[in-house]
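Per this note's numbering: the first sequence = residues 1 to 421.
Source of the hints: derived by calculation from the structure; they are not laboratory data. Built from N, CA and C at the ideal position, the CB exists for glycine as well. Careful, some of the hints might be misleading.
Derived EDC-like pairs (lysine to aspartate or glutamate); straight-line CA-CA distance at most 20 Å [said to hold, decoys possible]:
| # | residue 1 | residue 2 |
| --- | --- | --- |
| 1 | K265 | E300 |
| 2 | K315 | D267 |
| 3 | K94 | D116 |
| 4 | K265 | E276 |
| 5 | K94 | D115 |
| 6 | K265 | E349 |
| 7 | K198 | D163 |
| 8 | K312 | D338 |
| 9 | K376 | E355 |
| 10 | K312 | D348 |
| 11 | K376 | D329 |
| 12 | K315 | D348 |
| 13 | K94 | E130 |
| 14 | K376 | E331 |
| 15 | K199 | D182 |
| 16 | K265 | D336 |
| 17 | K315 | D211 |
| 18 | K315 | E210 |
| 19 | K315 | E363 |
| 20 | K265 | D211 |
| 21 | K312 | E236 |
| 22 | K199 | D262 |
| 23 | K376 | E318 |
| 24 | K312 | D371 |
| 25 | K265 | D338 |
| 26 | K315 | D336 |
| 27 | K315 | D338 |
| 28 | K198 | E236 |
| 29 | K265 | E292 |
Each pair of labels, with its calculated beta carbon distance range [to be verified]:
| # | residue 1 | residue 2 | range |
| --- | --- | --- | --- |
| 30 | G139 | G110 | 47 to 55 Å |
| 31 | T408 | L288 | 52 to 60 Å |
| 32 | K198 | D138 | 33 to 41 Å |
| 33 | Q58 | R378 | 45 to 53 Å |
| 34 | E311 | E52 | 34 to 42 Å |
| 35 | E349 | Q58 | 54 to 62 Å |
| 36 | D368 | E311 | 45 to 53 Å |
| 37 | K198 | D338 | 28 to 36 Å |
| 38 | D368 | S317 | 49 to 57 Å |
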Amino acid sequence: MAVRVRIAPSPTGLLHIGTASTALFNWLFARHEGGEFRLRIENTDTSREVAEAVDQIQDSLRWLGLDWDGPVTFQLDRMDDCRRLAEQLVAEGKAYEDEGAIRFRMPDEGVTAWDDVVRGRVEVRNETIEDLVIVRSDGRPTYNFASPLEDVWDGITHVIRGDDHISNTPKQLNIISAVAADVPVYAHVPMIFGMDGKKLSKRHGAQAVEDFRAAGYLPETMMNFLALLGWAPDGETTIMNREELLRRFDLTRVSPSPAQFDYRKLDWMNGVYLRELPPEEFAHRLLLWLGENGYDWPAELVTRTAPLVQEKIAKLSEFPGFAGFFFGDVEPGQADLDGGAPMLAAADEALASLEPFDATAIEAALRDTADRLGLKPRQAFQPIRVAVTGSRVSPGLFESIELLGRETTLSRLRAAAGAAG
RNA sequence: GCCCCCAUCGACUAGCGGUCCAGGUCGCGGCCCUUUCAAGGCUGAAGCACGGGUUCGAAUCCCGUUGGGGGCACCA
1 MAVRVRIAPS PTGLLHIGTA STALFNWLFA RHEGGEFRLR IENTDTSREV AEAVDQIQDS
61 LRWLGLDWDG PVTFQLDRMD DCRRLAEQLV AEGKAYEDEG AIRFRMPDEG VTAWDDVVRG
121 RVEVRNETIE DLVIVRSDGR PTYNFASPLE DVWDGITHVI RGDDHISNTP KQLNIISAVA
181 ADVPVYAHVP MIFGMDGKKL SKRHGAQAVE DFRAAGYLPE TMMNFLALLG WAPDGETTIM
241 NREELLRRFD LTRVSPSPAQ FDYRKLDWMN GVYLRELPPE EFAHRLLLWL GENGYDWPAE
301 LVTRTAPLVQ EKIAKLSEFP GFAGFFFGDV EPGQADLDGG APMLAAADEA LASLEPFDAT
361 AIEAALRDTA DRLGLKPRQA FQPIRVAVTG SRVSPGLFES IELLGRETTL SRLRAAAGAA
421 G
C-alpha cells in the first residue's frame with residue numbers, strides 16, 4: 001500500500017515552528033517513500049478560528065518548500081458524516097447520550113497498545129481511559145472523534161505527529177476499532193523546546209515560521225535545521241540540502257527524546273547557506289527580503305553592495321544595519337573619530353584626484369598615507385571607516401569607498417574631519 | 001493526584017554488548033591570519049543522571065530512584 005500522511009493544524013494562528021517540524025517529518029517521509037502528503041485543517045472549534053490563519057499556514061508551508069498533494073480539506077466539512085457515525089455507535093451500544101452530548105464507551109478491562117515507529121510498543125490500561133465526548137451537545141464532533149475518522153476516510157497510512165498526542169492515541173485507536181476500520185501506523189516525533197528546556201513560547205522570541213522568515217533566515221536553513229532536531233542520518237553530517245534530506249530520511253531513526261531549539265546554531269547554519277549562495281542569488285534573496293520588510297532601496301545598488309556583505313552576515317536582516325550607509329546619510333560618533341583628524345585630512349587629499357578610483361588604488365593610496373603619517377593600518381583606517389560608513393564595523397573599507405564614489409566619500413571625510421576637530 | 005513519554009559534552013546528536021580511557025557539529029577558550037566585523041586554519045576544555053542487577057564484558061539489556069516533559073476539556 002502506498003504511503004499517505006498528513007498534517008492537521010488548527011487555524012488558530014501562524015504556523016508554529018513545532019508544527020512545521022512535524023510537517024517536515026511527514027513530508028520527508030512521504031516524499032522519500034514516493035507517497036502522498038496532505039494538508040487538513042482541523043477547524044471544528046470555530047470559536048478559536050482566526051480568519052487569515054488558513055492562508056498563512058499555506059504560505060509558510062510553501063515558503064519552507066513543503067508541497068502537499070490534493071486539495072486542502074477541512075474537518076468541519078465532515079461534521080455530518082461524524083454525527084451519523086456517532087448515532088450509529090449509539091445504536092450499537094458503543095456510545096451513549098450524556099446531557100445532550102454523545103460519549104464513547106471505552107473498554108474497562110485489558111490494555112490498548114500500539115507499536116510506535118519511534119517509541120516502540122506503548123501500552124495503556126483501559127481502566128485509565130475515560131469515556132470520551134465525541135459529539136458536543138451543540139452537535140459538533142470533537143477532535144478526538146473527528147481526527148481518527150478522517151484519517152480512516154482519507155486512507156492515511158501513517159500518523160506522524162508530536163508526542164503531545166501520545167495520550168490521545170489509545171482513545172483514537174478504540175474509536176477506529178469501534179467502526180471496524182484498519183488502524184494506521186503511528187509515529188510520535190519529539191517536541192521542540194526553547195533553550196531553557198521549556199515548551200517553545202512567545203518568551204523565546206521567534207516561534208512562528210513567519211517570524212524566522214522576517215528575521216532573515218533562509219528556508220533551506222530552516223529545513224536543514226529542523227530536520228536535525230530529532231533526526232540524524234549519521235553522526236557526522238550536518239549540512240544537507242533538500243535532495244540529500246529526501247534521499248537519506250528514515251523515520252525509524254527519529255529520536256524519541258525532545259530537542260531544544262538553539263538559535264545560535266541556527267544563526268551559524270544560516271550563515272553557511274548565505275555564503276554558499278551564488279552572488280546573484282544572494283542579491284536576489286536580499287532584494288526579496290528587503291521588499292517583504294518595507295525597504296524601498298534601489299535594486300541596482302543593493303545588487304552591487306551585496307557581495308561586500310555576503311560573507312559577513314548571518315541573517316538577511318543584518319543587511320540594513322551593515323550596509324545602510326550606502327543608502328543614506330551617516331552620523332559618525334564623535335568619540336570614534338577622536339584623534340583621527342590628521343589621517344582624515346590626509347585621506348581627503350590622497351583620494352581627491354586619485355585615478356582610477358577603485359579598491360586596489362584606494363588601498364594603495366591609503367596605506368601609503370598611513371605610512372607617511374607613521375600610523376599602523378589599524379589606527380589609520382578606523383577613523384576613515386567611521387567617517388565613511390558611520391560605524392566601527394563595516395564591509396571592506398576600500399571596496400566600500402569605491403562603491404560609494406569619490407564625491408560622497410570626500411564629503412563624508414570632510415564632515416568628519418571638521419567634527420573630529 | 002492519576003496516566004504516559006523522555007534521559008550521552010552547555011546545545012543538537014553518533015553509538016543499537018567488546019572496534020569507546022565515547023566520535024561529529026554549534027557554542028565556549030587559546031593561537032594564527034587580518035583595515036573593523038565576519039569568514040578561514042590550528043588547537044583546548046567539556047558528557048554516558050544515580051543505584052542495583054544480567055553478562056567473561058554495558059553508554060548500549062532489565063529493574064528501581066531521581067530529574068525533565070506531555071496528557072487527564074462538550075480545545076485541537
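Tested hints:
no.	hint	result
1	K265 / E300	violated (32 Å)
2	K315 / D267	holds (7 Å)
3	K94 / D116	violated (26 Å)
4	K265 / E276	holds (17 Å)
5	K94 / D115	violated (25 Å)
6	K265 / E349	violated (46 Å)
7	K198 / D163	holds (15 Å)
8	K312 / D338	violated (27 Å)
9	K376 / E355	violated (24 Å)
10	K312 / D348	violated (27 Å)
11	K376 / D329	violated (28 Å)
12	K315 / D348	violated (34 Å)
13	K94 / E130	holds (14 Å)
14	K376 / E331	violated (25 Å)
15	K199 / D182	violated (33 Å)
16	K265 / D336	violated (32 Å)
17	K315 / D211	holds (13 Å)
18	K315 / E210	holds (14 Å)
19	K315 / E363	violated (29 Å)
20	K265 / D211	holds (17 Å)
21	K312 / E236	violated (26 Å)
22	K199 / D262	holds (13 Å)
23	K376 / E318	violated (30 Å)
24	K312 / D371	violated (28 Å)
25	K265 / D338	violated (38 Å)
26	K315 / D336	violated (26 Å)
27	K315 / D338	violated (32 Å)
28	K198 / E236	violated (28 Å)
29	K265 / E292	violated (25 Å)
30	G139 / G110: 47 to 55 Å	violated (32 Å)
31	T408 / L288: 52 to 60 Å	violated (27 Å)
32	K198 / D138: 33 to 41 Å	holds (35 Å)
33	Q58 / R378: 45 to 53 Å	holds (52 Å)
34	E311 / E52: 34 to 42 Å	holds (38 Å)
35	E349 / Q58: 54 to 62 Å	holds (60 Å)
36	D368 / E311: 45 to 53 Å	violated (27 Å)
37	K198 / D338: 28 to 36 Å	violated (46 Å)
38	D368 / S317: 49 to 57 Å	violated (38 Å)
The structure is inconsistent with the numbered hints 1, 3, 5, 6, 8, 9, 10, 11, 12, 14, 15, 16, 19, 21, 23, 24, 25, 26, 27, 28, 29, 30, 31, 36, 37 and 38, although it conforms to all the rest.
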